[in-house]
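Listed below, chain by chain, are the residues.
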Amino acid sequence: MVWIVLVLLTALSALAYGLGRRKAKAAGKGHSRPNYQGAYVALWAVVPAGLLLAVVLVFGGRIEHAMLSADAPAAVAELPSEQQEVFYGDARALAAGKATSGTYDFGPLKAHLDAKAAQSARQHQIFLTAAIGLAIALALGGFALAFSRLKPDFRARNRVEGWVSGLLIACSTLAVLTTIGIVASLAFEAFRFFQSVSPLAFLFGTEWSPQIAMRTDQVAADGAFGAVPLFAGTFLVMLIAMIVAAPIGLYSAIYLSEYAHKTSRGVIKPLLEVLAGIPTVVYGFFAALTVGPIFRAFFNWVGAQTGGPLGDYLMQVQNQMALTAGVVMGIMLIPFVSSLSDDIINAVPQSLRDGSLAMGATKSETIKNVVLPAALPGVMAAMLLAVSRAIGETMIVTMAAGLQAKLTLNPLETVTTVTVQIVTLLTGDQEFDSPKTLAAFGLGLTLFLVTLTLNVIAMRVVQKYREQYD
Amino acid sequence: MQMTKNVTLARAEALPDHAPIKINAMGINVFYGEKQALFDVSIACPDRAVTALIGPSGCGKSTFLRCINRMNDTIVGCRVDGRIEIDNEDVNLKSLDPVVLRSRVGMVFQKPNPFPKSIFDNVAYGPKIHGFASSKSELEGIVEHSLKKAGLWGEVADRLHQPGTGLSGGQQQRLVIARAIAVNPEVILMDEPCSALDPIATAKIEELMDELREQYCIVIVTHSMAQAARVSQRTAFFHLGRLVEAGTTEAIFTNPTDPRTQDYITGRSG
Numbered sequence: 001m002v003w004i005v006l007v008l009l010t011a012l013s014a015l016a017y018g019l020g021r022r023k024a025k026a027a028g029k030g031h032s033r034p035n036y037q038g039a040y041v042a043l044w045a046v047v048p049a050g051l052l053l054a055v056v057l058v059f060g061g062r063i064e065h066a067m068l069s070a071d072a073p074a075a076v077a078e079l080p081s082e083q084q085e086v087f088y089g090d091a092r093a094l095a096a097g098k099a100t101s102g103t104y105d106f107g108p109l110k111a112h113l114d115a116k117a118a119q120s121a122r123q124h125q126i127f128l129t130a131a132i133g134l135a136i137a138l139a140l141g142g143f144a145l146a147f148s149r150l151k152p153d154f155r156a157r158n159r160v161e162g163w164v165s166g167l168l169i170a171c172s173t174l175a176v177l178t179t180i181g182i183v184a185s186l187a188f189e190a191f192r193f194f195q196s197v198s199p200l201a202f203l204f205g206t207e208w209s210p211q212i213a214m215r216t217d218q219v220a221a222d223g224a225f226g227a228v229p230l231f232a233g234t235f236l237v238m239l240i241a242m243i244v245a246a247p248i249g250l251y252s253a254i255y256l257s258e259y260a261h262k263t264s265r266g267v268i269k270p271l272l273e274v275l276a277g278i279p280t281v282v283y284g285f286f287a288a289l290t291v292g293p294i295f296r297a298f299f300n301w302v303g304a305q306t307g308g309p310l311g312d313y314l315m316q317v318q319n320q321m322a323l324t325a326g327v328v329m330g331i332m333l334i335p336f337v338s339s340l341s342d343d344i345i346n347a348v349p350q351s352l353r354d355g356s357l358a359m360g361a362t363k364s365e366t367i368k369n370v371v372l373p374a375a376l377p378g379v380m381a382a383m384l385l386a387v388s389r390a391i392g393e394t395m396i397v398t399m400a401a402g403l404q405a406k407l408t409l410n411p412l413e414t415v416t417t418v419t420v421q422i423v424t425l426l427t428g429d430q431e432f433d434s435p436k437t438l439a440a441f442g443l444g445l446t447l448f449l450v451t452l453t454l455n456v457i458a459m460r461v462v463q464k465y466r467e468q469y470d
Numbered sequence: 001m002q003m004t005k006n007v008t009l010a011r012a013e014a015l016p017d018h019a020p021i022k023i024n025a026m027g028i029n030v031f032y033g034e035k036q037a038l039f040d041v042s043i044a045c046p047d048r049a050v051t052a053l054i055g056p057s058g059c060g061k062s063t064f065l066r067c068i069n070r071m072n073d074t075i076v077g078c079r080v081d082g083r084i085e086i087d088n089e090d091v092n093l094k095s096l097d098p099v100v101l102r103s104r105v106g107m108v109f110q111k112p113n114p115f116p117k118s119i120f121d122n123v124a125y126g127p128k129i130h131g132f133a134s135s136k137s138e139l140e141g142i143v144e145h146s147l148k149k150a151g152l153w154g155e156v157a158d159r160l161h162q163p164g165t166g167l168s169g170g171q172q173q174r175l176v177i178a179r180a181i182a183v184n185p186e187v188i189l190m191d192e193p194c195s196a197l198d199p200i201a202t203a204k205i206e207e208l209m210d211e212l213r214e215q216y217c218i219v220i221v222t223h224s225m226a227q228a229a230r231v232s233q234r235t236a237f238f239h240l241g242r243l244v245e246a247g248t249t250e251a252i253f254t255n256p257t258d259p260r261t262q263d264y265i266t267g268r269s270g
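Keeping their order, the protein sequence lines are chains Y and X.
Read in order, the letters of the first sequence correspond to residues 1 to 470 in my numbering.
Read in order, the letters of the second sequence correspond to residues 1 to 270 in my numbering.
Calculated from the structure, these hints are not laboratory results.
Fair warning: this is a prediction, and the values are worked out from it, not measured in the lab.
Each hint should be verified, as a subset may be incorrect.
[Claimed, not checked] Here are the simulated DSS-like cross-link-like pairs (lysine-lysine), alpha carbons at most 27 angstroms apart as the crow flies:
id: 1; chain 1: X; residue 1: LYS94; chain 2: X; residue 2: LYS35
id: 2; chain 1: X; residue 1: LYS94; chain 2: Y; residue 2: LYS368
id: 3; chain 1: X; residue 1: LYS148; chain 2: X; residue 2: LYS117
id: 4; chain 1: Y; residue 1: LYS363; chain 2: X; residue 2: LYS136
id: 5; chain 1: X; residue 1: LYS117; chain 2: X; residue 2: LYS128
id: 6; chain 1: Y; residue 1: LYS262; chain 2: Y; residue 2: LYS151
id: 7; chain 1: X; residue 1: LYS149; chain 2: X; residue 2: LYS136
id: 8; chain 1: Y; residue 1: LYS464; chain 2: X; residue 2: LYS117
id: 9; chain 1: X; residue 1: LYS204; chain 2: X; residue 2: LYS117
id: 10; chain 1: X; residue 1: LYS111; chain 2: X; residue 2: LYS149
id: 11; chain 1: X; residue 1: LYS148; chain 2: X; residue 2: LYS204
id: 12; chain 1: X; residue 1: LYS204; chain 2: Y; residue 2: LYS368
id: 13; chain 1: X; residue 1: LYS117; chain 2: Y; residue 2: LYS368
id: 14; chain 1: Y; residue 1: LYS363; chain 2: X; residue 2: LYS94
id: 15; chain 1: X; residue 1: LYS111; chain 2: Y; residue 2: LYS363
id: 16; chain 1: X; residue 1: LYS117; chain 2: X; residue 2: LYS94
id: 17; chain 1: Y; residue 1: LYS29; chain 2: Y; residue 2: LYS151
id: 18; chain 1: X; residue 1: LYS136; chain 2: X; residue 2: LYS148
id: 19; chain 1: X; residue 1: LYS136; chain 2: X; residue 2: LYS111
id: 20; chain 1: X; residue 1: LYS111; chain 2: X; residue 2: LYS148
id: 21; chain 1: Y; residue 1: LYS262; chain 2: X; residue 2: LYS94
id: 22; chain 1: X; residue 1: LYS148; chain 2: Y; residue 2: LYS464
id: 23; chain 1: X; residue 1: LYS35; chain 2: Y; residue 2: LYS262
id: 24; chain 1: X; residue 1: LYS204; chain 2: X; residue 2: LYS111
id: 25; chain 1: X; residue 1: LYS136; chain 2: Y; residue 2: LYS368
id: 26; chain 1: Y; residue 1: LYS368; chain 2: X; residue 2: LYS128
id: 27; chain 1: Y; residue 1: LYS363; chain 2: Y; residue 2: LYS269
id: 28; chain 1: X; residue 1: LYS204; chain 2: Y; residue 2: LYS363
id: 29; chain 1: X; residue 1: LYS117; chain 2: X; residue 2: LYS149
id: 30; chain 1: X; residue 1: LYS149; chain 2: X; residue 2: LYS204
id: 31; chain 1: Y; residue 1: LYS363; chain 2: X; residue 2: LYS128
The shape of chain Y in the complex, shown without the other chains (with noise of 0.2 angstroms):
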């Protein structure tokens, strides 16, 4: 029902906006042009009934809840609050002629549900009229209103352009209110996993097995929490990674801006960039199946060559290590590093390759003298995005790096990274007043503030690098 109305709201925008139009054009050249004074009419006959419409579907269910809970019969205020909450379910759903839910028998209330199951249909139909009878009279009341100011010095461009602007605010305003809610809960979380684990023991210590605060006989011992091996395994992954992204990415993007002719150009960009496309875990099991299995297989095969303590230690390596999904990830980044460097070391003006070129510097050396040191800044910039998002990144080190903490800084050993933990601490079953639970949070808001930094670092870098040309 509601939902014909809302058709119905839209003819009659586009009733509003033709009227509109046409009692502006009728009156002449005004202040604002008639389309603007005809989106002024149809702005004021949709949006307060439409806003009504939005209140009704969002919050109606409660409303009439409320109204049907108001009168309980003593027999109902008797029983516990979520039994209550289920016995006006049913007897709206019986109203509605829907099953009941069935999570409890209300035999002996049956004809207590039976009388508010009648209620609620009656209270529903009533609300229900109310309400598209309010939305109607709002949306005929503000046509009218607005019809009827139209005159032509009526700024109806300043208006209309006052609610576009009021809409773009409102937008505006979710997005960061979203962002600051997500920082908010990560927060507040974090707050609570350190009443119970100190930051210090967080931070620095060198020990990480969350596993053995679950046993009910046991309180989280502070050693359990020691986050080191986890920024350790992290800061290994990512460095691997960025060894192999960096260079490659690099170079791939001074060929791509400075020596590739156009049509090579025209096959290699958009190929890395299907790199880009990739989804991670895809990635992931690419490290797993193919990667890991011939690493594994070579150091074993080194391993056997060379024999001794090393060769020993070369033939007992396993699928997953720090190197498998350093490489891997390090992979998925070169398009990221890359295309990011391409768009910037194009952006060096074309005349101070000329005037570089023009002074007897060769290629390479124009390159390497003036294009790159004007560019670096930007390159920069693009690495620590890419760092930043080597930290961020989820599954790869999840199938490809191991599960065990180790504070090491061989990239032959498993190691395992702060989201690798956050997504074993937050599947399965879960108790969040834990402190297993919620070192996730502290995890999470630790990673947060890096990647922050990382990325506003780099945005610093990259607006001052702007400067320098424009």
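Guided by the hints, dock chain X onto chain Y, whose structure is given.
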């Protein structure tokens, strides 16, 4: 054969007696892909003098200028046919490395383009890549000498290590002239060097050109007839990719033989 004869004629009648020829272009045709931009241009530029190339936009004067230091090589699909002699040696041969040529032929562009480096490093750039200086003090000597020649030394001597991009437009243009001088070129090409500058900065650059011509062969592209008249000894008028007329500046401005030149310099076309 015919062409060579014409060129010889041009040399004989149009050049001031004292000036030996530095650049001698013969039958230059330039193509951008299918499109021909220059048609059979032959012109001689004397040493130790300023030659001005004038003409309406798109007439090919910048294209011709860029032939002299082979900057057109950097444009994909651009082909230059013909013979361009510098000191009687053809520099348009495929076998000749443009990198070597460009260290002999400096160029100043329309928009000042100092590198985002310090003033010192801007000027030291050429000497460094060509290995002119064997010691730091020698390099400092070259930088100081070049900046003095470009008339910029007094203004920047106390801030050599600040970025060159922080200078004013006119100073930047003199900085890139100093940068060009630092590799000790024989020819300096200037592509509308004053079009982005105010009258005072323009006057300084023109003064500088007048001093520099005592040592170099200068070829300048300009849109300002007044500038061509002030700074050049010889003028060449281009129109629609062809060289219409070339001669001493005085002759071109007071007594042009071609009606198109007449129209252009009096402002009736262009």
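Hint-by-hint comparison with the structure:
{"no.": "1", "hint": "X:LYS94 x X:LYS35", "in the structure": "holds, 21 angstroms"}
{"no.": "2", "hint": "X:LYS94 x Y:LYS368", "in the structure": "holds, 26 angstroms"}
{"no.": "3", "hint": "X:LYS148 x X:LYS117", "in the structure": "holds, 19 angstroms"}
{"no.": "4", "hint": "Y:LYS363 x X:LYS136", "in the structure": "holds, 25 angstroms"}
{"no.": "5", "hint": "X:LYS117 x X:LYS128", "in the structure": "holds, 14 angstroms"}
{"no.": "6", "hint": "Y:LYS262 x Y:LYS151", "in the structure": "violated, 59 angstroms"}
{"no.": "7", "hint": "X:LYS149 x X:LYS136", "in the structure": "holds, 20 angstroms"}
{"no.": "8", "hint": "Y:LYS464 x X:LYS117", "in the structure": "holds, 15 angstroms"}
{"no.": "9", "hint": "X:LYS204 x X:LYS117", "in the structure": "holds, 24 angstroms"}
{"no.": "10", "hint": "X:LYS111 x X:LYS149", "in the structure": "holds, 20 angstroms"}
{"no.": "11", "hint": "X:LYS148 x X:LYS204", "in the structure": "holds, 13 angstroms"}
{"no.": "12", "hint": "X:LYS204 x Y:LYS368", "in the structure": "violated, 33 angstroms"}
{"no.": "13", "hint": "X:LYS117 x Y:LYS368", "in the structure": "holds, 13 angstroms"}
{"no.": "14", "hint": "Y:LYS363 x X:LYS94", "in the structure": "holds, 17 angstroms"}
{"no.": "15", "hint": "X:LYS111 x Y:LYS363", "in the structure": "holds, 21 angstroms"}
{"no.": "16", "hint": "X:LYS117 x X:LYS94", "in the structure": "violated, 33 angstroms"}
{"no.": "17", "hint": "Y:LYS29 x Y:LYS151", "in the structure": "holds, 10 angstroms"}
{"no.": "18", "hint": "X:LYS136 x X:LYS148", "in the structure": "holds, 18 angstroms"}
{"no.": "19", "hint": "X:LYS136 x X:LYS111", "in the structure": "violated, 30 angstroms"}
{"no.": "20", "hint": "X:LYS111 x X:LYS148", "in the structure": "holds, 22 angstroms"}
{"no.": "21", "hint": "Y:LYS262 x X:LYS94", "in the structure": "holds, 23 angstroms"}
{"no.": "22", "hint": "X:LYS148 x Y:LYS464", "in the structure": "violated, 32 angstroms"}
{"no.": "23", "hint": "X:LYS35 x Y:LYS262", "in the structure": "holds, 19 angstroms"}
{"no.": "24", "hint": "X:LYS204 x X:LYS111", "in the structure": "holds, 16 angstroms"}
{"no.": "25", "hint": "X:LYS136 x Y:LYS368", "in the structure": "holds, 21 angstroms"}
{"no.": "26", "hint": "Y:LYS368 x X:LYS128", "in the structure": "holds, 13 angstroms"}
{"no.": "27", "hint": "Y:LYS363 x Y:LYS269", "in the structure": "holds, 22 angstroms"}
{"no.": "28", "hint": "X:LYS204 x Y:LYS363", "in the structure": "violated, 33 angstroms"}
{"no.": "29", "hint": "X:LYS117 x X:LYS149", "in the structure": "holds, 21 angstroms"}
{"no.": "30", "hint": "X:LYS149 x X:LYS204", "in the structure": "holds, 12 angstroms"}
{"no.": "31", "hint": "Y:LYS363 x X:LYS128", "in the structure": "holds, 15 angstroms"}
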